[in-house]
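Novice: Following the hints, put chain D in place on chain H, whose structure we already have.
So the protein lines, in turn, are chains H and D. Numbering follows numbering that gives the first Met the number 0, in which position 209 of the first sequence is assigned residue number 208; successive positions increment by one, without gaps. Numbering follows numbering that gives the first Met the number 0, in which position 327 of the second sequence is assigned residue number 326; successive positions increment by one, without gaps.
Hints listed in this document are in silico derivations from the structure and should not be mistaken for laboratory results. Be aware that a few hints might be false.
Below, in silico cross-link-like pairs of lysine-lysine (DSS-like), each with a Cα-Cα straight-line distance of 25 angstroms or less [unchecked claim]: (1) D:K340 x D:K328; (2) D:K138 x H:K128; (3) D:K402 x H:K347.
Derived coverage of chain H by chain D (criterion: at least 3 residues anywhere in the stretch with Cβ under 8 angstroms from a Cβ of chain D; other residues may be distant) [unchecked claim]: (4) 125 to 139; (5) 150 to 158.
Here are some, though not all, of the chain D residues that point toward chain H, as calculated from beta-carbon distances under 8 angstroms [claimed, not checked]: (6) E134; (7) T231; (8) V235; (9) A291; (10) S292; (11) T298; (12) G390.
Positions of the beta carbon are idealized from the N, C-alpha and C atoms, including for glycine.
Spelled out from the first residue to the last, the chains are:
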Amino acid sequence: MAKPEYLLFDRNTKAIFWNLNPNAIQRMLDYDYLVGRSPSIVAIVAPTQNRKFEKFFYGTGEILIPIYRSSQEAAEAHPEADVLVNFASFRTAYKVTMEALDIPTIRTVAITAEGIPERFALEMREKAKSLGKWIIGPATVGGIAAGAFRIGNAGGTLQNIVKAKLHRPGSVGLVTRSGGLFNELANVIARNANGIVEGIAIGGDRFPGSDFLDHLLRFQENPQIKFMIMLGEVGGELEYKVADAIASGKITKPVIAWCIGTIAKHFGGEVQFGHAGAKAGAERETADAKNQALREAGALVPKSFNDLPELIRGVYEELKAKGEITEIEEPEVPPIPEDYNKLRAQGKVRRPSHFVCTISDDRGEEATYCGIPISEVVEKGYSIADVIGLLWFRRKFPKWASDFIDMVIKIVADHGPAVSGAHNARVTARAGKDLMSALATAILTIGPRFGGAIDGAAKYFKMAKDKGMDPYEFVDYMKNVEKKNIPGIGHRIKSVKNPDKRVELLKNYAKKHFPSTEYLDYALEVEKVTTAKKENLILNVDGTIGVLLVDMFKALGYSDKEIEELIEAGAFNAFFVLGRSIGFIGHILDEKRLGMPLYRHPWDDILYIVERPEGE
Amino acid sequence: MAQRAIREFDAKRILAKNWKDYFGGEFEYDFKSILITPETDLDKIPEEHPWVKETPLVAKPDMLFGKRGKLGLVLYKINTPGDVTWEDVKKWIKEKMGEEIEIKGVKGKLTHFIVEPFIPHEQKEEYYVAMTLSEQGDKIFMSAFGGIEVEENWDKVKEVTIPILASEEEAFKLIEENIPEEIEDKKNYTEFVKRLYKYFKDLHFAYLEINPLVLKDNKVFPLDMVARLDDTAQFVAGRKWGDVTFPAGFGRELTPEEKYIKELDEKSGASLKLTVLNPEGRVWLLIAGGGASVVYSDTVADLGFVKELANYGEYSGNPSRTETREYVKTLFDLMTRQKHKSGKPKILIIGGAIANFTDVAKTFDGIIDAMKEYADKLKEVGVKIYVRRGGPNYEIGLARIKKAAEELGLPIEVYGPETHMTAIVKKALVDDEKAESSS
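Excised from the complex, chain H in its bound form (with noise of 0.2 angstroms):
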């Protein structure tokens, strides 16, 4: 069914959204399920989205709203949507509005963007005269048709729309410059009168591309509204239009019109008050003559802003007086489900919640590392193994345990190509995959095999010396009860008489600097049992690295249960797993930098025994 030409919105009226904005269109959405409608959004202009669809609430159901590239494709989908709701940037916002005029089932833009210049905004302007369409703004929160369509933001929050009887239709016809004084006069008409039929701000820029007077010849046509409130701003002539307009008998439903900005004329025009049309370049553009004008050509204008409610009750007894209005039937107001954000904020819900997280907190006006800022980790100078303590142990590190670890990442970063991991990183990265990819494939090679001795060495040992089992005892247990080698012991080349370098590193360091070696000084103990068998079965770097773990533990305060549960989770084999990474992704950027092609292992490399099945 058509709608008569005064009407830009009712009921049915269909709208596209230009721009993602997730607020404005949800409140536009809660309007409708409020008032009882459909949704008034079929579509989402964003050009820079790959999604297709985005949820929004409408009651308390979810619904998709198609997003698309463009208007034109948005307005292809849907010839029913004769409103463009235009939320782009001030940037933007004027190829938009330009755009949407061409195509021919978009009959009205409204534009909210603030600073489009003006030569942008008469263009606009002339162009919808021209076409005979309409645009409100820009520079506005847009307006409301009560009861029937809600443009963005405008009318505030729910709780307000229905306070200021936002939600159905009364009797009067509003139009202001501005938003904020649009949503007070709605106020202001529910409580003085039966509120508003309909409600534009037309917007505070110097050309706005529809003024009062547009607006307020459509309300005359409107057989709902039976008077009209004009709020109009010192600067401009706008107002003097609406003037000519009652003088002239084109308007003959009361007006009561009202300029603000009387203050101006106290500062000889030289203070910007208000919106930026709002400057009296001359006499005739000060709110006084404007307000005289309109006096005189027969609007009804208050003493001051002040007075303005109790001339709206006048106005609106006098005409209930007359029968003209007649009280109207409340509706009922379905309940709006509160926003699940907001009532948390309130304190007035709760929920469990389904992670905890107990190392860092990205809420803040800054990350912390367990509670510390990262600005002050990086002024205070924390290593990178502070850092690790901070986030894998929850504690700040003494020095010298932050100096072991630090040793110990510097000892387990790199052992060549030949190694599978690395190996593996290289020729996942000769194969053309990405970085991501070949360090995965290297770290995935990290098991009890390779790299896992860490792990191995701290949980054998500390359980050997715990139990109290001598060295005999312990080697003995390893070889008939696990059946398997001591991890941490035995080195391919290194011996008694050819110690490993790196070992005798990390035990001077742990004998200088440790509160005590218990378990380094047990598996030394061990060592002897097994280099007296084979000169190489020393404890090598690994089998260091995972006992000291467990006395650096220990001297921290740890509880036995506690640290068998870190060896459990894995942390020390993470040392080798954070450290080693540091080589693997060296042998990644080395092979991206030599370029070499594809590796393909050599056939006389490879013992081929390849049968047929038997009696096949």
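Specialist: For chain D alone, kept in the frame of chain H given last:
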């Protein structure tokens, strides 16, 4: 802000910067203008601009006010026109720099001057051209009688309006059809105006006047220029403008506090405005919203307190807590510099309409932050706070500000949307004053 005046120097600099693109090939302009500010080292000028020693000069203030000739503020002769040397200019500027003068009732100090070569020419070579962006379209004013004659010959000025959506051909045709009869060099004048119009449009001028415009064949001498740019077009034409400044009107230089808020405003997506009207005033406004702030100011004046109104300002567009805090701190800083001369406490009105989407709780948190920082100073000068606000989360905001002020020992009254917006002004300035004096 939109339309803002620029200095004559900048008007000419921008013209020269874009000359090739708009006038190149057809016209020549030998841009030689120097802007002198209080920081300029006059002794270095001849090094940078050797021509000042080689040509007679003209000097005048460049501070957005006109009629400088009538005010005796144009140095173009010592004995005869065109005999001003660099030494004369130096002496004159040193004399004038910092001198206080009054323009249309506003007092201010001379601080900026423009120095240029003296261009000998005949009266008949002085043309007039001006363009302005208006409701109806671009208005172009053209006249053969430029210079100081233009006003007395205003009836000879041809005015033509170019419709906003006119094509270039249509615009040029309208210009051609309206060239005044009296123009001697019609060919060059017409061509120049056409090109100037394109330049005017592309660079988003709101107003551009060259008077007098001297044309000597294809040599152009814009002897004086007045221009206003639409500063919102920065993102469109900023590169063509280059580094342009928008000075405040003469005698209306921004105070450091106003400047700080202006910078804050420029960086923010929200709107933050501050104008200090009377730093010794008693009534201070902290108002949300461009419209509401005007209404509050009106009401203060209506009640007869305009002389006590300390500031005009507003914050709107959902500023962040930090932005609000900085804005309010600036206001509190100004407010707490001295006690009011009457000895009475100052009145702080924290007002606003019912917000559409500005989060009242969040912005009030910013106000509370500033309140805490300035609590001692506020108590020292004495202050009474009146609050009225509505909008998203207003209940939380109102409750928090009340609690905070009470804890800090600052007297406060708090009202919500059920109270008429400006009722607190009357309450603060009239009712409570009466109650006070009768008690």
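Novice: With reference to the structure, classify each hint as holding or not holding.
Specialist: Hint check:
no.	hint	verdict
1	D:K340 x D:K328	holds, 22 angstroms
2	D:K138 x H:K128	holds, 20 angstroms
3	D:K402 x H:K347	holds, 20 angstroms
4	125 to 139	holds (count 3)
5	150 to 158	holds (count 5)
6	E134	holds, 7 angstroms
7	T231	holds, 4 angstroms
8	V235	holds, 6 angstroms
9	A291	holds, 5 angstroms
10	S292	holds, 6 angstroms
11	T298	holds, 6 angstroms
12	G390	holds, 5 angstroms
Violated hints for the displayed structure: none, as all numbered hints are satisfied.
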